[in-house]
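Student: Chains A and B are the protein sequences, given in the same order. With numbering that gives the first Met the number 0, you'll find the first sequence wraps up at 374, consecutive numbering, no jumps. With numbering that gives the first Met the number 0, you'll find the second sequence wraps up at 519, consecutive numbering, no jumps.
What the hints contain is simulated information worked out from the structure, not anything from laboratory work. None of the values given here were measured: they were computed from a predicted structure. Just so it is clear, CB atoms sit at the ideal spot from N, CA and C, and this is done for glycine as well. Accuracy of the hints is not assured; some may be wrong.
[To be verified] In silico negatives: residues of chain B with every beta carbon more than 10 Å from chain A:
hint	residue
1	Leu98
2	Leu210
3	Ala282
4	Glu325
5	Thr332
6	Ala373
7	Tyr382
8	Lys385
9	Ile443
10	Glu458
11	Leu494
[As the list claims (entries may be wrong)] Capping the alpha-carbon separation at 16 Å, the derived lysine to aspartate or glutamate pairs in EDC-like fashion look like this:
hint	chain 1	residue 1	chain 2	residue 2
12	B	Lys121	A	Asp361
13	B	Lys249	B	Glu340
14	A	Lys147	B	Glu347
15	B	Lys368	B	Glu160
16	B	Lys376	B	Glu340
17	B	Lys122	A	Asp367
18	B	Lys55	B	Glu516
19	B	Lys121	A	Glu246
20	B	Lys376	B	Glu169
21	B	Lys122	A	Asp361
22	B	Lys368	B	Glu347
23	A	Lys147	B	Asp353
24	B	Lys368	B	Asp353
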Amino acid sequence: MDYILLQNYWWLIMSVLGALLVFMLFVQGGQSMLFGARDERHRALYIHSLGRKWELTFTTLVTFGGAFFASFPLFYSTSFGGAYWLWMLILLSFVIQAISYEYRMKRGNVYGSRFYDTLLLVNGVAGPLLLGVAVATMFFGAEFTVTKSNLLNVQSATISTWSPTHGLEALACWKNLLFGLMVLMLARTLASLYFINNIVDDEVNRDQHRALLINGGLFVVLFLAVVAVLLTSRGVAVDAQGNAQWEDYRYFTNYLTLWWALVVLLLGVVLVLWGVIRSLLAPAWRGGIWAAGVGTVLVVLTLFWVLGYNDTAYYPSLLDVQSSLTIRNSSSSPFTLTAMSIVSVLVPFVLGYIAYCWYRMDRGGTGDSDINSAH
Amino acid sequence: MQELTQVVDWSRAQFALTAIYHWLFVPLTLGLGVIVAIMETIYLRTRSEKWLSTTKFWMTIFGVNFAIGVATGIILEFEFGTNWSNYSWFVGDIFGAPLAIEGILAFFMESTFIAVMFFGWKKVGPKFHLAATWLTAIGATLSALWILVANAWMQYPTGCEFNPATMRNEMTSFWAVALSPMAVSKFFHTVFSAWTLGGVFVVGVCGWMLLRGRAVEHSQRSLKVGAWVGLVGIVLTSVTGDTSAVTVAKYQPMKLAAMEGLYQGSQDQAIVAFGILNPSKTAENDDKPFLFDISIPYGLSLLATHNPHAFVPGIQDIIAGKALDEHGAEVNTVSYAERMERGKRVQELLAQYDAAQRSADVARLDSLKSAINADFKYFGYAYLDKPEEAVPNVPLTFYTFHFMVTVGGYLVVFLLLALLLVYKPQLLKPRLAPWWYWLSIITIPLTYLCSASGWIVAEVGRQPWTIQGLMPNKVAVSALNATSIQVTFWIFAVLFTALLIADVSIICRQIALKSKEIND
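Extracted from the complex, chain A is given alone in its bound form (with noise of 0.2 Å):
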């Protein structure tokens, strides 16, 4: 395969990887609303019903870092290494879901069953709010230069370097925020859908409509916010011979020169509106998870690629535009992304026995039954 056409695949897979990441973000967002639990038992329906996923979040998340590592591995080197806080605090945020799930209810659990619950809270609201804002930092910038002759520099031999807050920049500014918390209001949309679709409870199913009718407007405002401030941002657009340089609305031109991704974006965006419009509508539906499922999926699909193609950089530098990393610059070797696209050929395969598993798993919802019967 052509090396060109081996990095827009390979963008296009990191595009699936990250889409399905930001689908699977609704584990985090339910864990938001524990503590908005009617009553214990409905926390303990939450509970078990994001228990039975929250590992697929987890691994998508790891692929899509393992993904990325090796296919495109100086954003890895230059973004990881960098923005050192911001990544750290999310992996922090990661490391205390893992063992929440299985300690809370185990005796012996030292620290008790709402110090879990804690931990799920602080992971399901800043996983996705923090995710949302690295993921901005692709859209609006970052403070890095990038110089791969400093390897030579026997004193000084790092080839990416930040400036010295190391991601906490990130955090203060508002764009990146905007994007995070509606990553946050996404995530606690698509949980409340999940829950009407998953729990088989009465009392859930009132909750969680009203819960929805709420998240979705803050979430819809926000998408709002976030769309009009994108399109008129500016980009790095980058030229034939490698020249990077900002260019005012970059991303409003991706998607008129890109139409196709504009039509699936209104797709997307549709498919959420409608997930979420007839779920308020017509309570007894509970398909609203798939639709909206989809359209986040379609949605997100689309931001990666008004990103990173049409030789727009997607990783834009605020210190040295020419720093800006591109799919071109950035990626594997041919010979790697070959190799790796050969085994991207099991993807299929893998989503196939994970839907599988998962509709046999959720036949018949969760129930009150269920949250005795684990293991």
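Given chain A, work out where chain B should sit, using these hints.
Tutor: Below, chain B alone, put in the same frame as chain A:
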């Protein structure tokens, strides 16, 4: 420079901390995964409710342990980027692929089927459930495979070529990376050692239950599987340990020399069975290496080459350029001083290449690239200040290696005895039984220490290299300040310790509670 040293030291400390914590949980997941799968297979064949309750008992322990393994594992993957960013670029083209494959093929398998394993008893049929249990165990083992392939590549970089245009190593053969002798021996040695630990854990816990007179039949059922898996594990660990020693002798002779505290080697080289190192001994003086030692003649030559008369180079020999050839004879190769010179020459050529690239001097690029690649294997030596900097921490490597081997030998005897007592329980005199049960319990932490020692030997023994010969630690780190890393180090230290306390507490409480409830 002092700041850089601190950054390197704290980055190493943080990685060591997270890796050691992670490795407290992973071997039990690998070993117990297989044991639980075997137990459930027996249940499905016999349809005995007793085997079902035994399976569920160990599955509960597996679940608690698995969760914390996942928690500590995510940090490790991302630390390659956060703390070792230069490394991530320099070898991301090779190292990233196994990590991505690990995610796609292994992690999804684990995470999908573990949900079926724990929540699916009433949701899926028994055969589907058994398949899920086996697939969880296989998924865990596959994830070990890919991360060990990546680790082995750092010990023995192969299947790649340096590309001066991108300033990084690029993969040229996936199979050379995935099936390198180092990767194969490391994978099997590690996985079998995990089976050993899983087996010892089961035997030890059963010892505790029998000491308390609880769940006697359940313990005997469990002992049978645990002792068999443990014994098979330790025998195969020993066999693959022998293969590992040969591989290390061939590709990392400095590590082998450090493992043995060997400064000046010889033909017919003896192996130190027990020794106390002389603290004042370094590669730069002629002091005696040991204050006291008991050695076995020909032992190290035999271990390293399977030839009792072969030459085995010591630390000072290796620095001087001495090595052993394929016939076990001493040969002179490139000294470390010469390697440093050649490494610096490669750096100069790379600078010229970079300049030629900027000025579009295409005519020079090919010849410069050939010259660079001819000596690129010495690239990392350019960053050393003196040859002796390439010597790892000998005392730590030596003592952990000997501890590992000693405990490994003990485990062979212990597990043989455990299996014998499973089939001939009458051999255990009643007055000796408590002693045996206590020994079983004490053997659990001993095996954990043995397992951690193996990793310390592997990782400390290859210092100062992040990638053997190509990239020392001080070049691999991120451009961070030491304070940031100190803060995250202590956050992880406190967090992981708190989680470990909870983990151990839950496991102990679960064992105590479930052993009372178990259907005997």
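Student: Confirm or reject each hint.
Tutor: Outcome of the hint check:
no. : hint                   : verdict
1   : Leu98                  : violated (4 Å)
2   : Leu210                 : holds (19 Å)
3   : Ala282                 : holds (22 Å)
4   : Glu325                 : holds (30 Å)
5   : Thr332                 : holds (25 Å)
6   : Ala373                 : holds (18 Å)
7   : Tyr382                 : violated (6 Å)
8   : Lys385                 : holds (13 Å)
9   : Ile443                 : holds (18 Å)
10  : Glu458                 : holds (20 Å)
11  : Leu494                 : violated (7 Å)
12  : B:Lys121 with A:Asp361 : holds (11 Å)
13  : B:Lys249 with B:Glu340 : violated (23 Å)
14  : A:Lys147 with B:Glu347 : holds (15 Å)
15  : B:Lys368 with B:Glu160 : holds (11 Å)
16  : B:Lys376 with B:Glu340 : holds (12 Å)
17  : B:Lys122 with A:Asp367 : holds (15 Å)
18  : B:Lys55 with B:Glu516  : holds (12 Å)
19  : B:Lys121 with A:Glu246 : violated (58 Å)
20  : B:Lys376 with B:Glu169 : holds (14 Å)
21  : B:Lys122 with A:Asp361 : holds (8 Å)
22  : B:Lys368 with B:Glu347 : holds (12 Å)
23  : A:Lys147 with B:Asp353 : holds (10 Å)
24  : B:Lys368 with B:Asp353 : holds (11 Å)
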